[in-house]
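Just need the whole structure built from these sequences, with the hints factored in.
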Amino acid sequence: MTDSMKPRTGIYLRPFTPYRSLQRPVIRLSALFLFLLGTLIHPASAEEIKPLGPLTAKAVSELKNSKASSVTDGISSDDSRWLGGPDADGKIRLELQLPSIQTIGAAHIYSGYRNESAFKDFYLEHKNPSGDWTLIQGTEIFGNKETALAVPFDPGEAIVTDSIRLVVTQTPDKIARIREITLWPLGKELPELGTGVKMPKAPKPIVHSKDGDIPRIYLNQSGFNFGELKRFTAPTLDDGTAFQIKPAKGGNALYTGTIEGHIGDFTAFNPASSGEFVVTAGSETSVPFTIGLWQFERISYPAAIDFMVDTRHYVGNYKRRCRGSFGWRDDHHFSWTLYTLVPQYLSNPAAYEHLPQQITYDEPKPGLWGALEPYDESAPDIVKMIHWGADVILTQDVKHECMKSDLAFFLYAWPTMKQWLPQQNYDAVRQFVEAKWGQSDIDIKYPYDASSDHNLFALKTVVGSTKGELPPGFSVLPNLLMHEVAVRDGLPNADKYLEAAFAQTRWIIDELDWEAPQTTKGQRMSEHVTITGLAACLQLHPGKAPDGLREKINEWARIMVRRSENMWDFRKYTDDGDWTPMDYSHRHKWNEPGNVVGFPAIALAASTYVTAPEVRERLHELAWSHLDNCFGRNPTGRHFSYDAPREVEGVEHGWYTFYRGGIGQLEEARFVLDGSPKTFHYPYHPEVGNKGYTEGWVAFNTAFNLSLAYMARAETELKLIQEGDSILVGLRAPVNFDISKEEPITLTLKGPKAAMVTLVEKDPDSDIHVGRIRLSDLGAQPGDRIHCSYGYGYMGSHAELEVTP
1 MTDSMKPRTG IYLRPFTPYR SLQRPVIRLS ALFLFLLGTL IHPASAEEIK
51 PLGPLTAKAV SELKNSKASS VTDGISSDDS RWLGGPDADG KIRLELQLPS
101 IQTIGAAHIY SGYRNESAFK DFYLEHKNPS GDWTLIQGTE IFGNKETALA
151 VPFDPGEAIV TDSIRLVVTQ TPDKIARIRE ITLWPLGKEL PELGTGVKMP
201 KAPKPIVHSK DGDIPRIYLN QSGFNFGELK RFTAPTLDDG TAFQIKPAKG
251 GNALYTGTIE GHIGDFTAFN PASSGEFVVT AGSETSVPFT IGLWQFERIS
301 YPAAIDFMVD TRHYVGNYKR RCRGSFGWRD DHHFSWTLYT LVPQYLSNPA
351 AYEHLPQQIT YDEPKPGLWG ALEPYDESAP DIVKMIHWGA DVILTQDVKH
401 ECMKSDLAFF LYAWPTMKQW LPQQNYDAVR QFVEAKWGQS DIDIKYPYDA
451 SSDHNLFALK TVVGSTKGEL PPGFSVLPNL LMHEVAVRDG LPNADKYLEA
501 AFAQTRWIID ELDWEAPQTT KGQRMSEHVT ITGLAACLQL HPGKAPDGLR
551 EKINEWARIM VRRSENMWDF RKYTDDGDWT PMDYSHRHKW NEPGNVVGFP
601 AIALAASTYV TAPEVRERLH ELAWSHLDNC FGRNPTGRHF SYDAPREVEG
651 VEHGWYTFYR GGIGQLEEAR FVLDGSPKTF HYPYHPEVGN KGYTEGWVAF
701 NTAFNLSLAY MARAETELKL IQEGDSILVG LRAPVNFDIS KEEPITLTLK
751 GPKAAMVTLV EKDPDSDIHV GRIRLSDLGA QPGDRIHCSY GYGYMGSHAE
801 LEVTP
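Under full-length UniProt numbering, the first residue of the sequence shown is numbered 1, with each subsequent residue one higher.
Since the hints were made in silico from the structure, they are not lab data. This structure is a prediction, so every number in the text was calculated from the model and none was measured. It is possible that some hints are incorrect.
Stated by the list, open to error - Calculated pairs, DSSO-like style, for lysine-lysine (alpha carbon to alpha carbon, straight line, at most 30 Å):
hint, residue 1, residue 2
1, LYS445, LYS496
2, LYS64, LYS741
3, LYS174, LYS58
4, LYS319, LYS145
Written out as structure tokens, the structure is:
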């Protein structure tokens with residue numbers, strides 16, 4: 001396999017070579033021997049290859065909402081597995097029950113997660129006629145590293161029983177992860193591993209796309225949401241050329257249109273059900289793409305979480321120390337991790353609560369983490385990562401203004417997370433913030449640090465470089481949130497936070513020139529903190545925010561729209577010069593995927609306060625076009641991630657290459673945004689090829705995460721409708737990612753009394769959840785006001801009604 005085809009991550013099933021002998025020692029067979037013994041030289045016929053069963057499974061420990069029954073459901077998958085913890089004696093046990101006494105000759109055991117985390121030491125027992133558990137000779141394994149094992153029993157000892165027990169004595173982290181176990185009869189040839197179970201498909205290898213292989217109709221390779229912007233760019237086709245939307249498998253045109261300005265717009269095409277389609281125009285045919293319910297979010301939410309899980313410092317998928325790193329590898333002081341993770345969760349909590357859990361608590365290491373007591377293991381992964389980020393800052397006593405400002409987000413979001421976190425967490429973080437917020441000094445050196453005063457109450461007048469290390473106004477939103485926290489908790493200095501936020505906003509209004517690219521796109525992936533802070537100032541204090549703020553946001557919006565009038569719907573660095581930030585004296589400057597994927601957040605944050613309807617609508621279009629740019633609607637025709645053809649549904653052409661090693665050690669992480677087109681690729685120069693710097697960075701992905709948050713807020717609508725003596729609650733939000741499962745949402749309505757209501761999908765493939773509650777449950781009478789929220793605070797969606805007779 002060449003380097004260009006070498007997978008950076010993924011699950012692969014090894015080829016199982018038939019083993020020619022059953023001769024073996026009685027005890028302590030090596031794991032490698034058992035692994036190779038998984039097949040015999042002559043596999044049995046199809047009708048003979050049947051596992052014993054049906055099996056039932058039980059265990060004392062079922063961690064993270066997993067079920068022991070998952071190991072006997074016939075599916076070997078990470079989504080269907082059991083996680084067990086140790087009993088009082090430190091061993092992890094799982095019992096398998098057959099419907100009757102049978103003679104058993106072997107077991108297949110599928111363990112781990114993502115082809116890792118196999119348990120190391122284990123053995124099997126059977127229940128003898130006296131009812132005692134007895135070791136099955138030859139099954140005592142030490143030092144196992146394989147996640148798929150065939151374990152033949154010693155043929156010299158017949159195991160006749162209806163009960164088998166797996167006993168795990170050592171795992172990497174005190175958790176046994178088991179996807180499936182099958183038992184096989186004695187006297188028949190042992191089939192290959194994988195027989196009798198449904199296995200996930202092995203990930204497809206990445207084949208490096210040649211530029212000539214990429215169709216010259218450029219669009220989001222993964223697809224589009226129902227009801228949202230759907231555009232493509234055709235640089236080689238003349239205006240007036242007709243285009244058609246056809247089923248990918250062939251058939252008649254379902255939609256027709258005309259290319260204008262090298263753009264084809266088929267936003268109006270919303271098929272009755274999800275499907276795969278292609279665009280044809282002239283002699284060109286696009287890659288297949290899907291139009292479906294929450295297509296973008298369904299793919300992007302798990303991917304975004306996967307990256308953040310993998311790239312945690314020390315406890316992610318690379319365990320060694322990385323220089324310049326705190327909570328995440330290569331995060332420095334300006335990756336804005338809690339600044340983005342918290343809005344993600346607050347904007348759409350149910351979606352993140354429904355995602356599979358991957359994280360378990362790692363025992364503290366003094367000086368690295370452990371200042372915060374552990375979370376409840378039932379917490380969603382996004383909450384566990386918010387806990388992790390705060391824990392690292394406190395434990396390592398990080399005083400840099402950009403990082404301690406992250407803690408405001410933890411405190412602000414506390415009401416939504418406290419069900420999983422000990423009160424000690426909140427008390428410790430608030431004590432740290434109150435003690436450190438106004439401190440000016442730091443005691444360690446931070447790479448790329450441009451801050452001269454780390455007092456977050458102080459006015460910040462330095463605008464950082466294109467590195468993104470000190471964006472203007474980064475302290476506005478943290479101070480606004482700390483004001484909310486201080487008011488909520490009755491702290492005496494609440495006004496001090498608000499005064500600092502207003503003073504910084506006033507400086508931006510008076511001093512920043514949006515026409516100067518350094519104040520906008522020149523901040524690269526950190527650009528998002530400026531506008532989101534200003535928008536939140538108007539949102540949280542509409543009557544008190546500094547004069548001129550709304551017009552300052554409108555001025556910004558007009559300039560961004562002006563710089564986006566091109567065939568890519570792409571916001572340029574300047575009007576007539578470079579399309580992206582460049583430093584021609586240095587080959588590393590600049591790679592900017594984070595700026596592109598972070599733009600939707602600021603476009604949508606600003607749009608709420610834009611006066612002109614056409615500008616507001618254009619910002620909405622640009623939010624989607626920049627996400628499309630990441631997914632292939634750009635002059636290279638490539639997704640920003642090298643691994644996208646394997647990791648992202650529908651993507652065929654990933655980025656040219658990826659960076660090996662580096663501070664962040666992202667080579668094995670999932671959903672890395674490796675690179676994006678540079679100014680010399682625009683307006684249309686695919687022949688330039690792989691030119692310019694490529695390296696993923698956590699700061700790129702956190703910008704993407706914030707866009708997910710603001711996209712969710714923009715797409716969510718909550719309504720309360722009184723119908724007689726009850727209230728109908730309707731919620732439209734990007735939640736229903738799996739139409740085969742019912743995933744209810746519980747909301748709280750507040751009136752004279754508070755009461756909870758459960759919402760379910762209106763239909764299996766509906767984007768709306770509905771529920772009903774009686775007025776009497778709320779103690780409501782005519783004239784009372786009823787309030788309801790989905791999400792929380794400045795990122796939530798809120799509704800209210802007045803009860804009528």
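Now the hints, each set against the structure:
no. : hint               : in the structure
1   : LYS445 with LYS496 : holds (28 Å)
2   : LYS64 with LYS741  : holds (19 Å)
3   : LYS174 with LYS58  : holds (19 Å)
4   : LYS319 with LYS145 : holds (17 Å)
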